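Undergrad: Letter by letter, the chains look like this.
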Amino acid sequence: MDNALKLIFPSDPRYLGVVRGAIERFAALAGFDEEDCRWITLAVHEALTNVIRHAYHNKYDQPVELRLRERDEGIEVVMVDHGTGVKLEEMSGRDLDDVKPGGLGLHMIREIMSDTQYMALDGRNELRLFKKRGSKTTAGE
Amino acid sequence: MNIATRQQGSSTLIDVNGDIDLYNSPEVRKIILEELKEKKVPRLIVNLTGVRYIDSSGVASLVEGLKVSRTMSSRFMLYGLSPAAREVLELSRLIRVFEVFVTEQEALEAK
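Taken in sequence, the protein lines are chains A and B.
The working numbering numbers the first residue of the first sequence as 186 and each following residue consecutively.
The working numbering numbers the first residue of the second sequence as 2 and each following residue consecutively.
These aren't lab readings, by the way, just hints derived from the structure by calculation.
Within a straight-line C-alpha distance of at most 30 Å, the following computed DSS-like cross-link-like pairs (lysine-lysine) qualify:
1. B:K68 to B:K40
2. A:K244 to B:K68
3. A:K244 to B:K31
4. A:K191 to A:K321
5. B:K68 to B:K41
6. B:K68 to B:K112
What the simulated footprint calls covered on chain B by chain A, stretch by stretch (three residues with Cβ under 8 Å from a Cβ of chain A suffice, anywhere in the stretch; the number is not a length):
7. 15 to 25
8. 44 to 57
9. 75 to 89
If you anchor each label on the Cβ, the simulated ranges turn out as follows:
10. A:S320 to B:K41: 46 to 52 Å
11. B:Q106 to A:E311: 46 to 52 Å
12. A:G216 to B:K38: 46 to 52 Å
13. B:G51 to A:D197: 20 to 26 Å
14. A:A189 to B:K68: 42 to 48 Å
15. B:S11 to A:H267: 50 to 56 Å
16. A:A189 to B:R53: 25 to 31 Å
Just so you know, these numbers come straight off a predicted model, no measurement behind them.
Every residue gets a Cβ at the ideal spot worked out from N, C-alpha and C, and that includes glycine.
So here's chain B without its partners, still in its complex pose (with noise of 0.2 Å):
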């Protein structure tokens, strides 16, 4: 799995790449709350695009990382979502307490 951030405008874009699953979660769930707990980014938009296996603790640092934007005031958007990836979030029930956008460009232009 690989992993990079980036800026577009006042968002910060996190680029994953890989399975996320319990070998590497642990990374996925570090960068996030970097961001948002000692960057204190305003808006954080994690790109799924390249992921193509996620695991239940992969949605829990996903969980994680929307349940800290909150307290953050920050936003906490998902883009790009394999199908693997979202009958993932679909069956645990957690698709509708995301943002999910379908493209990079929908998702930074949110408001």
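Extracted from the complex, chain A is given alone in its bound form (with noise of 0.2 Å):
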């Protein structure tokens, strides 16, 4: 059996903790260190976070889709929405010297994972993640 959770739940923020449970977790089960392990947490929350925003709205009653998969080097996460996809030119994260409220998700996601690979098709958007063990996350750097 392929080693893989999939989670299916409304895009309501009150299950961000229940969510951000299952993800810390897999990602013990996979190997991480209790420090890789949040900071995993971290960047799928943020995605999970930007989902409910930009791509419902705030629309708590839309689907979303979480498989987390363990690899030979480390953990996948893809996460699917059905919402407004987002303009590959307007992924990018906001100047980090200009203090301002906001703009930080997508800035914290690319700094923790790995690789991030974004999808929009038909209405389809699917969001791909992957974290390898030993590439280290230093706060500030």
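Two chains, two frames, some hints: make the complex.
TA: The structure is reproduced here in structure tokens:
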């Protein structure tokens, strides 16, 4: 059997804590240490809040699918939604020297994960995140 | 998440307990902005000792509080950051813009 976990849940922020719990424990099962588990959880959480806010425009009853998979070299997370797609040119984190609220999530995802791929096709948006074992995230660098 | 305010001399403290994420960061933001804009407190200290987790929306609420405090000529301070909260502020490179203290006493006594 494929070593994967699939979660389907509504785009309601009330479930964020439940989903974080599942991600953190899955990352631990996949062999990541406590600190990396926290980072991976943060990155996936940020991607999920982006779906709620930007793809579903804070509509809390829309479907989100999350697949977590153990790979030889790390962990792969695939997140699927059916909301508003994002144009690739709009997917840029903000300048961190500009101190203002917002725009931090994408920066965090890119700092933490080893690889990030996004596809929007026929009303289906798929974000694929990969974290390689041994690729450390260092805060503030 | 629980959030409560209390007074210590001229300082107003906000005690936050639990996770700060997209679900409840609007409440944190509302209380911070109420204290600064409506009550016009001179010194606002946010106690994060009981916060296990904070996401970018929580960080954004703190940044907004900091920016409003500057326009209101108030002080805005944080203390009691958990390792997870500190990591998130460091990753977003925002730790340097806040006045961060380890203990409540240090925050209260800061000149």
